[in-house]
Amino acid sequence: MSQAVAPVRHVLIEGNKSYHNITEDLSSPTEKAPSREWIIAFSIAAAFLGLYVFAVCWTIWKGIGSWNLNRTINWGWDITNFVWWIGIGHAGTLISAILLIFRQRWRTGVNRAAEAMTIFAVICAGQFPLIHMGRLWLGFFIFPFPNTRGPLWPNFNSPLLWDVFAISTYFSVSLLFWYTGLVPDLATVRDRASGFRRKMYEIFSFGWTGSAKHWQRWESLSLILAGISTPLVLSVHTIVSFDFATSVIPGWHTTIFPPYFVAGAIFSGFAMVQTLMVITRKVLKLEEYITLNHIDSMNKVIVLTGTIVGVAYLTELFIAWYSGYIYEQFAFYNRVFGIYWWAYFGMMFCNVVSPQLFWSRKIRRSIWWTFFLSIVVNIGMWFERFVIIATTLARDYLPSSWSYYSPTWVEISLFSGTLGLFFFLFLIFTRVAPVVAIAEVKHILKVAGSQFVGKNATTHDGHSTVQVNKEEN
Amino acid sequence: MHHDNGIWVSTEDLNKEESFLQAAEKEFSVENMAETDGNWTASRRDFLKLMGFGLGAATLAASCEIPVKKAIPYVTKPDDIVPGVANYFASSFVNGGDYCAVLVKTREGRPIKIEGNTLSSVTSGGTSARAQAQVLSLYDTRRIKNAGTIENAEVKAMSWKDLDSKVKGQLQLGGNIRLITNTLISPTSKKALAEFMEKYPNSKVVTYDPVSSAALLAANQQCFGVRGVPTYKFGEADVVVSFDADFLGTWISPIEYARDYAAKRKIKSMKGATMSRHYQVEGKMTLTGSNADNRIQIKPSELGAAICTLYNEVAAKLGGSAISAPALNDKAKAALKKVASELVANQGKSLVVSGSNNIMEQVIVNKINDLLGNINTTIEFGTINNLRQGDERDMARLIGEMSAGQVQVAIVWGANPAFELPNAQQFRDAFAKVNTRISFAGTMDETTALCTHSAPASHQLESWGDAEPKTGHYSLIQPTIAPLFDTRQAEHSLLEWADSPNLNRQDDQPYYQYLKSHWASDLFGTQSKYSTPTAFWDMSLHDGVFEMPAAATTVSFNSGISLNAAAVTQPGTSEIEIAFHETVNIGNGQYAHNPWLQEMPDPLHRTVWGNYLSIPVEWDGVNEINGWKGLNDGDNVEVEVNGQKLTCTVVRTFGQLPGTVAIALGGGREIGGCGVGFGVNVNPWLPVDGGLTQYFAKEAKVSDKVGADKKFACVQYHHTMGVTAMGKEEGTVINADEKTLGNKGFQGALTDRSIIFQVNLNELPELAEKMSEFHKEAKHLNEQTLYPDRTDFYGTGLKWGMYIDLNSCIGCGACQVACVSENNVPVVGKTEVHRHHEMTWLRIDRYFYGDLENPKVVYQPMMCQHCDNAPCENVCPVNATNHSMEGINQMAYNRCIGTRYCANNCPYKVRRFNWLDYTTADTWPANEEQVFWAEGDEKPFYADNLVRMVLNPDVTVRSRGVIEKCSFCIQRIQEGKLTAKQENRAVLDNDIRTACQTACPTGAIVFGNLNNPDSAVSKARKEMGPLAYKVLEEINTRPGVEYSAKVHNTNEEMFS
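Residue numbers (my numbering), protein chains in the order written: chain A, 5 to 477; chain B, 25 to 1080.
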């Protein structure tokens, strides 16, 4: 992509890399035998995935009665997890699409992994609307297809149906976007591989030759997909928030939910990207590609969105008070001080207070703080969804039906199981595809011009080295 | 093919003719088979191959197991059965002293539902939960299936013939014979009994009641010379004072009393509305007390003192002689003074009743009524109520006889003394000394288990019989199904053993003939309505009841009786007293094995499956309401009464007087069915005073928490709606409910929402004004919508709606059981109720309000409100729930995928999800271990085909994973519409009556077409004017159900 480059820019890729170094660094994880750490992590993830499969089978076999939901609280951990995962799945597209449009070139260091994370998170999220159904085997009823039952169509008024469209669209577009980005990189890996691996990569890279026409089409497609994705980043969580906002239950029925949910989603998505990147850059030795600057930038997004979320929380309370409607006030009083007060304060602390630490540059650029706080934020975001769902339902209109809810082992297993599923997929991803977009990173290698001037300038020797390497390729 | 092996098939073959050989050569060739040259389609071999494969494949495919559906058509269709059309048979529900005139609905020969019989002037079409649940007990898998000997609580089969000869042999030995029964109200049974006693002159009937009214009978004998319960006219009394008598729930004839009581309290018009005033003086909260206008709290042992105090107050005004009343708490004393002046102001129009089982107390109550001129006006002895006849002192004598070895044969008929008596252990010991012990019980119980022989009586729905609940009010019992097992009516057995010449043994139904001839010979002559015995019988059987106007009889109080205050209960002095009460569903354990009744929440405590110790709650004056001793619902405590310890589970109850606790009777059944293992048997705790069982103990020791019931099952955790109490910080009476808001303890809520409206009678116009304002405000709010208004959508044709008069609803729960029965609502068991998975479509919410220490109660039947702007409908992704043109919120179970969004979005929380395979609809049993299993059963409750016979074939049995809810009895609506269509007329009110509506003894529920201005429901709503409201009217759900405000007639100066 040709674009205006400021004469003075800081380097986006550290370590004085050459193009060849980039290829080497980023392709090699797919070529080496897995490390011990990877194997351990993978085994744990696979074990949790096994637990997940077991818990799903158990749920389907026994019925939703194997969960602890009740006649008052009909959604609990299931939909909490769904919304949580969907939220996490927002960062990837945001990084890929919106940051692309905003010309945030630093995004290339993390976009591949973030997009992968998005896809895996959406896969995890998509599990819950399915398994929370009382009759999963009839789940196909929600699709509008011509049928002999009348024909009988789904209810287009239902936010759950909107969810189906929103999420499936989001998933398909994200998948396409991610895979499009992968094609040239897979070709790179193919070119370096031999035998069976080469054949496989040959297939998956769709016969990419690197011709100018390929690059041109590739770039066009990337831009188009970015354009399509951009509104999706905002729409998906908006629609998910409609599940609550369009209901009549006090505490759900609020117009603030769409922006509040979107901000929360980006917030949690970035936090999850941080969690993953901090580990990935360490384990795959990508510190020079995913730099402290990346972490710093993303922490800035976290502090921004965290603050937006905090404002949303306070707005909710304010509006409840300002409405002068005592039942609305009760709903929020109950949200804060009711039976699930601990979840509310957990949420407030994790989501609003803890990210404020990122105002400090030192903490923003600290790996350990970032890692720790990113996890705290995601715990907080889980609490947020739980607060919205369980607290609200537990104290709705008729006091006679008020209730309480805590999960069974099955529900806990399903949640930890999706974590297993997520990491299972992510770990496989780190082994089969370059975790950082090789082609895109190469674009930004020289943006700062430090390769040509200053202390990092390529020496003549270095230049010749590049030449030699090229021949070897 | 030809072979030279000496075998030939024809002469041509034998002769080896050329033509044959050629033909034989070609026999299996393709050319031979071809139809047209070279164009043939299949050879024989191919054909056979294909056929073989086809058959094989088809056989394999067909041999996959598919469920066999047993549907056997009638070879010869009975004349009176049209498949798909229900038949109704007039009959009666009688169980000891419980009576209800009923219609039994049968489908294809199966009784499936009990309805009230409107022709009876005793019950007037009302029913009770117990009557509604009777049909399930017919299909009890634990029923004894044949006659036999009893070993280790099991019946070893033997033929009736053998049993008869064995029993007769014993009877003829000449020893004493004793029959143990509960109250018998059947004239024909009594006749059979008389024949038996004539044959065996040394036999005697001993009658007691599971919950005794012996003192009342004895007192009436003393005071009026009549050993019987008079007719109490609650409908004619302007002031009702009840001393511990639960006349709306369990006392003597609750259906009748509730009807009259509610009629007197109906708000008929806004202007000049009148209603009776009801004072309840009690030491525990009963269903009746919860409905009272003023509840005067006393310790259980102060009952005698309270009665004496009232007597003295009344006597002082009306010229009776004073007695020295025992000390009574000051508050109650002052209150009773005011009650007395009100009674005196309403002489002849008041009624004082007492549930006390102390003769002198009952005598004093009679005297109060006598002084007030109520005898022969509101208390009428011309028509005696036969529903209580027992006297436990007779049982004590019997125990003496049995211990002394003076009884040769004991026959137990419908009673369970080994469980129900306070001295059950003594009974058991004594009973063991009886040589031959015979039980008529249809299911195993504690007493039958001790018997030697079982002669199982048929279930009432399989039997003939009659009843005379009140003098001159006859009621017939007719079988609605042939006996399911090899059982025989008890009367038949007695007559058989008496070698009765009147029993036509050749007849198919000998007792039917006996009954019929009794009616012809003994009853026909006493009436003049019918001219032939056949007409008399046929019409009575058709109507189910036959009533003769009672002769007017007046009685006068025996002036020779001296009132002796020393003979009443003297107040106890211990720290904690305990009261025992009967619940509307379980009785004293008689109904404990009926899962419908076990799972019907106790109206007051809202608990199921067991009896719980109700303890007082305490208000700390600031922001906490706590259980006594810091106990929480579900905590276990050890309670010691009479030196016997039991571990009871606690339920915190508003209105339980500090210093008292209470627990229901009937828990802890040991043998016989699904009630085993639930609750504790408190009968051994009941003290006996002067031979009479007392339903309180002066001293109880309650320990601190010793554990918890991990499956504590209560369907309502938040109980209050704005209870008030003195605030320490405020120095005034405050809304304690709201003050506790945010406190993690017990209760705490915003109240005063449009869920319940209640008012005192004298402020009715103010409330009407307030509610008019509210309706206006709600209308205004509801008009603020972006969407086109569709109210006129339902303006034509039929629009179904309901009206529930909260003022008439007494919370008895008959509607709830009726709904369960009509709509195949599954029983889920205690664990599932504990998890809040109860499936009831109709529930009765109970809220306490008013004074925290002595609150009032409002009951609110809550079912699907059939909102015209239903929140559930627009959120269903698959349109499984939608609105009919007639304003009904419909559920298409087949379409439901179980997202439960609708249930979340229902403001009334009436939608029920099938969390598990409650109805065992799945084909595999492996997922059924969490659904309801009766104790000791080999399969889930509903998996038994016998139990499934109770299912209403008109209502889909829901499977796992779908939502269900009240349908306004859509099957009845369809049926009613079809009837009207066939008769080419508009639908009338009577065509369609919902199950809850027909069950209600007080007529609190009205259903009908809202578009018809003349329908009962339209009229009722109109009459109430602004007092009729929709729950949560302001949120624009537009419910099809309206409620009316609860009106009390409280004497507000009572405690001031």
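Hints are computed from structural coordinates only; laboratory data are not their basis.
Don't be surprised by glycine CBs; every beta carbon is placed ideally from N, CA and C.
Be a bit skeptical, because a hint or two may be false.
[Said to hold, decoys possible] Okay, the calculated bits of chain A under chain B, using three or more residues with CB under 8 Å as the criterion:
#: 1; segment: 142-149
#: 2; segment: 213-220
#: 3; segment: 250-260
Violations among the numbered hints: 2
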